[in-house]
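Chemist: Sequence:
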Amino acid sequence: MSTRYYTENLAKIRYKHLKQALAPTAGPLAGLMAGGLRLALMAGVRLPAAHGDGFPGSERTIDPAELPSAAVAKWAPILEQLRDLGFEPLRTCQDQTVGAKLHYGTTLYNPTGNAVAILEWTRMAGAGGFEENTPLELNAYIDGGPDIVTGVVRRQDIAMADLVQIESAEIVSFDNRRPLGELYAQHRERCAGKDVIAVGEENVEALVDARARQRFDELLQSGLLRELSPDEVKRLAAADVGELHDC
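With numbering that gives the first Met the number 0, letter number 30 in the sequence shown gets 29, and the count goes up by one each step, no holes.
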């Protein structure tokens, strides 16, 4: 079966979030640009997708030696901090993508703190060329839900991260310039009084996969994600992505 790809549905993003997302590159023009974009989207204009991601379960488990050198370099200091906090490696994956995007992820778990960390590395087209990003997600899976999720992202990405609100998870995002140990402590404080599911070698992978599918389905049902059409996938697959893989 061929992979089905999905992308963000800009028509579901409110003006204030568009403005905040555009501010780092558009500066004082962000409000004007966001307003024009919002009006166009409300009128039914669909902007061409720049990339798409496969559905949960389509990713490929890889040996860390297969990672791009840029991902290894970006991850190294973060992984060191996670190891110091008691996290152990579970797996590393390459996501199926189409268009101008590379997407890798590594999952770790802390059997003492009953936490799961999902660290990503993306490389995609930005305003000034290709941009790399390393968002981190700390998870506590709650029996009966909702789960506790702490996002660790770039300051300019907090507004967009906060847009993602789903019933199965309480998501709060923080600036990644703050010490990771401090953010992990806050994450654990948020779990106080909750029935956190214990994670260990025997159950953690199944839990991670089940939660990923559940959250993906919620985002799709909310309209924040949309499936790319066959014509869109064909166009993106044939696109010249230039120096995307030069990393």
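Hints are computed from structural coordinates only; laboratory data are not their basis. This structure is a prediction, so every number in the text was calculated from the model and none was measured. Some hints could be false.
The calculated label-pair distances, taken between Cβ atoms and stated as ranges, are [as the list claims (entries may be wrong)]:
{"hint": "1", "residue 1": "Gly35", "residue 2": "Arg189", "range": "18 to 26 Å"}
{"hint": "2", "residue 1": "Gln185", "residue 2": "Ala211", "range": "36 to 44 Å"}
{"hint": "3", "residue 1": "Arg3", "residue 2": "Gln80", "range": "30 to 38 Å"}
{"hint": "4", "residue 1": "Thr2", "residue 2": "Glu65", "range": "14 to 22 Å"}
{"hint": "5", "residue 1": "Ser228", "residue 2": "Glu188", "range": "38 to 46 Å"}
{"hint": "6", "residue 1": "Asp142", "residue 2": "Ala49", "range": "37 to 45 Å"}
{"hint": "7", "residue 1": "Asp142", "residue 2": "Glu242", "range": "22 to 30 Å"}
{"hint": "8", "residue 1": "Glu200", "residue 2": "Ala72", "range": "44 to 52 Å"}
{"hint": "9", "residue 1": "Ala191", "residue 2": "Asp245", "range": "27 to 35 Å"}
Beta carbons are placed, not taken as given, at the ideal position from N, Cα and C, and that holds for glycine.
Chemist: Holds or violated: the 38 to 46 Å window for the beta-carbon distance between Ser228 and Glu188?
Modeler: 44 Å, holds
Chemist: Okay, Glu200 versus Ala72 on CB: inside 44 to 52 Å?
Modeler: For Ala72 against Glu200, whose Cβ atoms are near 29 Å apart, the range 44 to 52 Å is violated.
Chemist: Can the suggested window of 22 to 30 Å be confirmed for the beta-carbon pair Asp142 and Glu242?
Modeler: Violated - the Cβ-Cβ distance for Asp142 and Glu242, about 47 Å, lies outside 22 to 30 Å.
Chemist: Quick check on a hinted range of 14 to 22 Å for Thr2 and Glu65, using CB atoms only.
Modeler: For Glu65 against Thr2, whose Cβ atoms are near 19 Å apart, the range 14 to 22 Å holds.
Chemist: For the pair Ala191 and Asp245, does the Cβ-Cβ distance stay inside 27 to 35 Å?
Modeler: 46 Å, violated
Chemist: In this structure, is the beta-carbon distance linking Arg3 and Gln80 contained in 30 to 38 Å?
Modeler: 35 Å, holds
Chemist: Per the hint of 37 to 45 Å, is the separation of the Cβ atoms of Asp142 and Ala49 within bounds?
Modeler: Given a distance of about 39 Å, which is inside 37 to 45 Å, the answer is holds.
Chemist: Tell me if the beta carbons of Gln185 and Ala211 are separated by a distance inside 36 to 44 Å.
Modeler: 23 Å Cβ-Cβ, so the 36 to 44 Å window is violated.
Chemist: With respect to the beta-carbon atoms only, verify the hint that Gly35 and Arg189 lie 18 to 26 Å apart.
Modeler: Cβ of Gly35 to Cβ of Arg189: about 38 Å, so the range 18 to 26 Å is violated.
Going down the numbered hints, you'll see the structure goes against 1, 2, 7, 8 and 9, while the others check out.
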